[in-house]
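A.B. asks: In order, the protein sequences belong to chains A and B.
So in this note's numbering, the last spot in the first sequence is 405, and the numbers never skip.
So in this note's numbering, the last spot in the second sequence is 405, and the numbers never skip.
Simulated from the structure, these hints should not be mistaken for lab results.
Treat the hints with care, since some could be wrong.
The list cannot tell twin chains apart, which means a pair is met if one copy fits it or any two copies do.
To be verified - Here are the computed lysine-lysine pairs in the DSBU-like style, where the Cα-Cα straight-line distance is at most 30 Å:
id : residue 1 : residue 2
1  : K333      : K389
2  : K67       : K266
3  : K64       : K201
4  : K67       : K366
5  : K102      : K333
6  : K266      : K173
7  : K64       : K387
8  : K130      : K261
9  : K201      : K231
10 : K102      : K354
11 : K72       : K333
12 : K67       : K354
13 : K102      : K201
14 : K333      : K201
All of these numbers come straight from a predicted model, not from anything done at the bench.
Protein chains: 2
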Amino acid sequence: MSKMNKQIVLKSRPEGEPTEDNFGVVETPIPTPGDGQILVKVIYMSLDPYMRGRMSAAKSYSASAEIDKPMLGGGVGVVEQSNNNNFAVGDYVVCATGWQSYCLSDGTGVLKIDPDNAPISTGVGVLGMPGLTAYYGLLKIGQPKAGETVVVAAASGAVGSVVGQIAKIKGCRAVGIAGSAEKCAFVVDELGFDACLNYKAPDFKEELAAACPDGIDVYFENVGGDVFEAVLPLFNDDARVPLCGLISQYNATELPTGTNMLPALMRDMLTKRILIQGFIISFHFDLLPQFLKDVGGWITSGELKYREDIVEGIENAPEAFMGLLKGKNFGKLLVRVAEDPTRN
Amino acid sequence: MSKMNKQIVLKSRPEGEPTEDNFGVVETPIPTPGDGQILVKVIYMSLDPYMRGRMSAAKSYSASAEIDKPMLGGGVGVVEQSNNNNFAVGDYVVCATGWQSYCLSDGTGVLKIDPDNAPISTGVGVLGMPGLTAYYGLLKIGQPKAGETVVVAAASGAVGSVVGQIAKIKGCRAVGIAGSAEKCAFVVDELGFDACLNYKAPDFKEELAAACPDGIDVYFENVGGDVFEAVLPLFNDDARVPLCGLISQYNATELPTGTNMLPALMRDMLTKRILIQGFIISFHFDLLPQFLKDVGGWITSGELKYREDIVEGIENAPEAFMGLLKGKNFGKLLVRVAEDPTRN
Numbered sequence: 062m063s064k065m066n067k068q069i070v071l072k073s074r075p076e077g078e079p080t081e082d083n084f085g086v087v088e089t090p091i092p093t094p095g096d097g098q099i100l101v102k103v104i105y106m107s108l109d110p111y112m113r114g115r116m117s118a119a120k121s122y123s124a125s126a127e128i129d130k131p132m133l134g135g136g137v138g139v140v141e142q143s144n145n146n147n148f149a150v151g152d153y154v155v156c157a158t159g160w161q162s163y164c165l166s167d168g169t170g171v172l173k174i175d176p177d178n179a180p181i182s183t184g185v186g187v188l189g190m191p192g193l194t195a196y197y198g199l200l201k202i203g204q205p206k207a208g209e210t211v212v213v214a215a216a217s218g219a220v221g222s223v224v225g226q227i228a229k230i231k232g233c234r235a236v237g238i239a240g241s242a243e244k245c246a247f248v249v250d251e252l253g254f255d256a257c258l259n260y261k262a263p264d265f266k267e268e269l270a271a272a273c274p275d276g277i278d279v280y281f282e283n284v285g286g287d288v289f290e291a292v293l294p295l296f297n298d299d300a301r302v303p304l305c306g307l308i309s310q311y312n313a314t315e316l317p318t319g320t321n322m323l324p325a326l327m328r329d330m331l332t333k334r335i336l337i338q339g340f341i342i343s344f345h346f347d348l349l350p351q352f353l354k355d356v357g358g359w360i361t362s363g364e365l366k367y368r369e370d371i372v373e374g375i376e377n378a379p380e381a382f383m384g385l386l387k388g389k390n391f392g393k394l395l396v397r398v399a400e401d402p403t404r405n
Numbered sequence: 062m063s064k065m066n067k068q069i070v071l072k073s074r075p076e077g078e079p080t081e082d083n084f085g086v087v088e089t090p091i092p093t094p095g096d097g098q099i100l101v102k103v104i105y106m107s108l109d110p111y112m113r114g115r116m117s118a119a120k121s122y123s124a125s126a127e128i129d130k131p132m133l134g135g136g137v138g139v140v141e142q143s144n145n146n147n148f149a150v151g152d153y154v155v156c157a158t159g160w161q162s163y164c165l166s167d168g169t170g171v172l173k174i175d176p177d178n179a180p181i182s183t184g185v186g187v188l189g190m191p192g193l194t195a196y197y198g199l200l201k202i203g204q205p206k207a208g209e210t211v212v213v214a215a216a217s218g219a220v221g222s223v224v225g226q227i228a229k230i231k232g233c234r235a236v237g238i239a240g241s242a243e244k245c246a247f248v249v250d251e252l253g254f255d256a257c258l259n260y261k262a263p264d265f266k267e268e269l270a271a272a273c274p275d276g277i278d279v280y281f282e283n284v285g286g287d288v289f290e291a292v293l294p295l296f297n298d299d300a301r302v303p304l305c306g307l308i309s310q311y312n313a314t315e316l317p318t319g320t321n322m323l324p325a326l327m328r329d330m331l332t333k334r335i336l337i338q339g340f341i342i343s344f345h346f347d348l349l350p351q352f353l354k355d356v357g358g359w360i361t362s363g364e365l366k367y368r369e370d371i372v373e374g375i376e377n378a379p380e381a382f383m384g385l386l387k388g389k390n391f392g393k394l395l396v397r398v399a400e401d402p403t404r405n
């Protein structure tokens with residue numbers, strides 16, 4: 062086994078849905094860390110919907126990937142070489158690895174994780190950015206009160222699954238929305254939501270209304286499109302909408318035509334005093350210690366569960382990512398790039 | 062002059078734009094106050110865009126007017142008879158008068174005003190609900206910081222004129238939007254906004270962009286429709302949108318078709334971390350003392366100016382109100398129902 066750095070690079074920018082042609086696999090020599098740098102061997106690579114935005118040249122909140130450079134993203138790895146006093150060889154870390162099997166870092170933004178606390182894969186999942194997104198968005202923007210109804214899109218996913226379980230811990234009614242009967246069953250039976258609706262069902266709107274007999278107080282939005290339009294008529298006065306993603310829109314090449322729903326939204330926001338707040342979790346890392354204490358505690362106590370969908374081998378990342386954008390994953394999507402020495 | 066109570070009643074609910082036929086004038090005997098009640102002789106009646114909602118049977122944040130009953134609304138008057146220890150004959154008050162020349166009240170929600178402080182008409186204008194709407198929405202939701210750009214729709218109106226002037230007092234760039242060259246000149250020359258654009262101008266979008274070279278940090282929304290869609294592309298990261306009215310939509314009978322702008326709004330709200338918060342000022346009367354101190358002080362010091370558009374005679378209220386919905390008023394619209402003994 063020749064030790065090379067295998068990278069998934071962006072070959073071209075997608076128009077609409079990404080295809081295999083947009084990605085390339087290259088092998089380069091494993092880099093050597095310079096002064097103050099560490100070499101990280103990637104074990105798990107995280108695949109997240111927001112990465113679709115990084116394939117575009119359009120200005121957004123995260124930098125675009127460059128053509129013929131590795132796709133951008135986070136991962137979990139182990140320090141193999143260190144010229145940085147803050148990191149020792151063998152340390153497990155979460156950092157911006159990119160889609161590759163080795164990366165260099167000067168330590169900025171690199172978090173050490175303790176494999177005795179929780180499986181290291183959770184560092185990019187329930188105890189990482191997706192979990193923090195759920196925690197911040199629900200508690201700081203959504204401000205759920207006991208007895209209120211919290212509706213969660215993409216309820217079996219990395220973020221939504223945590224949102225609904227925290228809502229239950231806070232005494233709310235949690236209603237999920239997911240893309241298959243199997244996912245819905247998992248959300249109710251395993252995660253303990255009060256209900257979960259399949260947005261692909263023909264009578265989805267009616268089922269959602271029936272599952273929210275007291276209306277909707279908090280809608281955690283990470284989907285957009287038709288799901289949002291189904292939720293809109295059910296909002297109660299003073300409803301809050303944390304908005305952290307719009308997976309249904311990421312592949313859109315143009316705005317839809319038909320009825321312009323913007324005036325209806327604005328009207329309801331006015332008459333019902335609705336709050337919508339877009340947020341990007343990277344601006345709220347100050348909440349990390351409190352988040353790790355709370356969510357780490359709920360995992361230990363068994364109050365909060367998580368599910369991972371692990372794909373083997375970095376060369377399968379593009380296909381897994383394209384499936385993620387279509388909702389084909391079931392749980393937090395990860396790519397196992399190298400053997401996890403902390404498991405088994 | 063027979064002393065009767067002249068009322069403007071709702072004869073029928075409008076479909077779209079209200080017409081003369083929706084209103085009727087009736088005269089009834091002046092009522093006699095019961096135990097604990099006061100009789101108020103109305104001097105000024107306030108006409109406000111939100112009253113369009115009260116003509117509809119649709120559920121909204123304010124109660125609907127009943128057919129053959131007086132239109133609902135606030136006004137300024139003088140106590141003519143009192144069976145309530147909290148009010149003396151001759152007291153000037155602001156209360157929910159309805160569209161009529163006399164009203165009864167048990168004193169709930171009735172505010173006494175001092176004619177030596179400011180003209181009593183300001184009790185339903187700059188020192189009343191419209192002023193408080195501007196104050197709360199801009200300062201509590203908009204949270205403007207010195208150097209930021211604040212854009213205000215309906216900038217010569219009762220609310221918008223106050224928003225922009227407070228923005229200037231707070232060190233912001235204030236850019237108004239209004240419906241005529243004359244209004245725009247007033248907004249800049251008299252009120253001191255940095256710029257004001259006529260939304261009816263053919264190159265309004267380009268002019269707005271040119272007037273906001275550093276983008277928009279706060280957009281105070283009370284118009285909706287095309288104006289909002291012109292503002293949308295100019296939002297900066299972390300922009301805030303207090304939403305208190307949608308005058309452009311009030312007469313709409315159906316949602317427009319064409320491009321569905323909702324996905325574009327949601328995308329921008331996500332990538333730019335935008336906040337939109339609908340609010341109804343009647344839930345924020347706790348702010349009244351601070352508001353009266355601040356805005357009263359700015360009026361006394363000459364830092365904050367206001368303009369009134371006074372229509373003579375209650376029978377002219379329907380026409381004035383229909384004009385208000387088309388932007389024909391110029392300043393805070395009032396109906397003088399009876400002589401104001403505090404003027405001249």
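A.B. asks: Determine for every hint whether it applies to the structure shown.
C.D. replies: Hints and how they fare:
Only between protomers do K333 and K389 lie at most 30 Å apart by alpha-carbon distance; the minimum there is 28 Å, versus 35 Å within a single protomer. For a Cα distance limit of 30 Å, the shortest separation of K67 from K266 qualifies neither inside one copy, at 46 Å, nor across copies, at 49 Å. Proximity of K64 to K201 under the C-alpha cut-off of 30 Å is found in neither arrangement, the shortest distances being 45 Å within a copy and 58 Å between copies. In this assembly of identical chains, K67 and K366 lie within 30 Å of each other by CA distance neither inside one copy nor across copies; the values are 33 Å within and 67 Å between.
Taking CA atoms no more than 30 Å apart as the test, K102 paired with K333 passes in neither setting, with 51 Å inside one copy and 34 Å between copies. In the homo-oligomer, the alpha carbons of K266 and K173 never lie at most 30 Å apart, since the shortest distance is 44 Å inside one protomer and 50 Å across protomers. Taking the shortest alpha-carbon separations for K64 and K387, neither the intra-copy value of 34 Å nor the inter-copy value of 73 Å comes in at or below 30 Å. In the homo-oligomer, the alpha carbons of K130 and K261 never lie at most 30 Å apart, since the shortest distance is 37 Å inside one protomer and 48 Å across protomers.
Taking the closest pair of Cα atoms, K201 and K231 come within 30 Å of each other both inside a single copy (13 Å) and across two copies (27 Å). Taking the closest pair of Cα atoms, K102 and K354 come within 30 Å of each other only inside a single copy of the chain (27 Å); across copies the shortest separation is 63 Å, beyond that limit. For the identical chains of this complex, K72 and K333 are inter-copy neighbours only, at 27 Å across copies versus 47 Å inside a copy, given an alpha-carbon limit of 30 Å. Neither within a single protomer nor between protomers do K67 and K354 lie at most 30 Å apart by alpha-carbon distance, with minima of 36 Å and 67 Å respectively.
For the homomeric pair K102 and K201, neither the shortest alpha-carbon distance inside one copy (35 Å) nor that between copies (48 Å) is at most 30 Å. Taking identical chains as interchangeable, the C-alpha atoms of K333 and K201 lie at most 30 Å apart whether they share a chain (20 Å) or sit on different chains (18 Å).
In summary, the numbered hints that this structure violates are 2, 3, 4, 5, 6, 7, 8, 12 and 13.
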